[in-house]
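These protein sequences, in sequence, are chains A and B.
Counted the way my numbering counts, the first sequence spans residues 2 to 114.
Counted the way my numbering counts, the second sequence spans residues 208 to 316.
Think of the hints as simulated: they come from the structure by calculation, not from any bench.
Worth double-checking, as some hints may not be accurate.
To be verified - To spell it out: a stretch of chain B is covered by chain A in this simulated footprint if at least three of its residues, at any positions, have a beta carbon under 8 Å from a beta carbon of chain A; those stretches are: (1) 249–257; (2) 304–314.
What the hints assert, rightly or not - Per label pair, the in silico range of CB-to-CB distance: (3) B:Gly300 with A:Lys54: 35 to 43 Å; (4) B:Asn219 with A:Pro40: 30 to 38 Å; (5) B:Leu281 with A:Lys54: 43 to 51 Å; (6) B:Leu253 with A:Arg74: 19 to 27 Å; (7) A:Arg45 with B:Asp264: 27 to 35 Å; (8) A:Lys54 with B:Ala224: 49 to 57 Å; (9) B:Gly216 with A:Phe21: 30 to 38 Å; (10) B:Ala227 with A:Thr102: 37 to 45 Å; (11) B:Glu222 with A:Thr84: 19 to 27 Å.
Being a predicted model, the structure only gives us computed values, none of them experimental.
All C-beta atoms, glycine included, are put in the ideal place defined by N, C-alpha and C.
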Amino acid sequence: DVKVTQSSRYLVKRTGEKVFLECVQDMDHENMFWYRQDPGLGLRLIYFSYDVKMKEKGDIPEGYSVSREKKERFSLILESASTNQTSMYLCASSLWQGGNTIYFGEGSWLTVV
Amino acid sequence: RKEVEQDPGPFNVPEGATVAFNCTYSNSASQSFFWYRQDCRKEPKLLMSVYSSGNEDGRFTAQLNRASQYISLLIRDSKLSDSATYLCVAQTGANNLFFGTGTRLTVIP
C-alpha cells in the first residue's frame, strides 16, 4: 500500500526557532511536494522536487527551504519560524508523469507561538 | 482569479439525497482532473479521477465539460459517511496541480 509518512504530527515552536519537517515515501516516486493548508485558502504549494537535489519554488516559498538528499525523503525547513507560519503542512508524492495520483501524508500541525 | 474555484458550501443534505458539486477551472491547458475527499483534520485522499467521457464509481459520478471548463461530482443516495470536504484538482503538468478550496458536505440523519 502507498505510504507517505510525516514524522512530526503536532509541533509547537517558538518564534525564531528553526523547524524541520520530515517526509518519507516508500513508492519510489520522483515527485515530492510540500503544501500548507489554511482555512479559506486551500492548499498552497511551497516547494516541489522532481529528483534528488532538485527543487522548484511553488507559490509561497518565502520563509521556507527544502532538502532532498535521497529520493524517498523530502524535508521542509523553516529557517526562523514566525506566527504566520502556523498551519497544517502536507507532504505529497507522485510519479513523474502528469496525470498520476498524488498521495498525501497525514499532515503536520505546526503552531508557532 | 483563482485557477480552480468551488462553492465552499456547506451543503447540508438528508441521508439518501442526491447532491452535486461543480468546480470551474481557468486554464484551458489543464489536462487531468481529480476529486479528492478530505475528512476533518485529515489528509486529502483520492476519490476519483475525472475522464473526458465521464466516469462512475458506485454512487459517485464525475463529469468533465471542457467547453465550459468545469468538472462536477454527483453523489447519489448520500450516506452519513459521505460527510467531508471535497476538493477538485486541475493539473496542467506533473508539478502544476491546482486545488480548489473545497466544498463541505454534511449528510444529516
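Against the structure, the hints come out as follows:
With a cut-off of 8 Å between beta carbons, the region 249–257 of chain B has 6 residues touching chain A; three or more are needed, and the interface restraint holds. Look at the region 304–314 of chain B against chain A: 5 of its residues bring a Cβ nearer than 8 Å to a Cβ of that chain, three or more, so the hint holds. Restraint check, Gly300 of chain B to Lys54 of chain A: a C-beta distance of roughly 21 Å breaks the suggested window 35 to 43 Å. Checked against the given bound of 30 to 38 Å, the beta carbons of Asn219 of chain B and Pro40 of chain A, roughly 19 Å apart, lie outside it.
Checking the proposed 43 to 51 Å range against Leu281 of chain B and Lys54 of chain A shows it holds: the Cβ atoms sit about 44 Å from each other. Between Leu253 of chain B and Arg74 of chain A, the C-beta spacing of about 23 Å keeps the proposed range 19 to 27 Å intact. Taking the beta carbon of each, Arg45 of chain A and Asp264 of chain B are about 29 Å apart, inside 27 to 35 Å as hinted. Separated by about 51 Å at the C-beta atoms, Lys54 of chain A and Ala224 of chain B satisfy the suggested range of 49 to 57 Å.
Taking 30 to 38 Å as the suggested C-beta distance range, the pair Gly216 of chain B and Phe21 of chain A conforms, at roughly 36 Å. Roughly 23 Å separates the CB atoms of Ala227 of chain B and Thr102 of chain A, a value that falls outside the hinted 37 to 45 Å. At about 42 Å, the beta-carbon gap between Glu222 of chain B and Thr84 of chain A misses the expected band of 19 to 27 Å.
Checked against the numbered hints above, the structure breaks hints 3, 4, 10, 11 and satisfies the rest.
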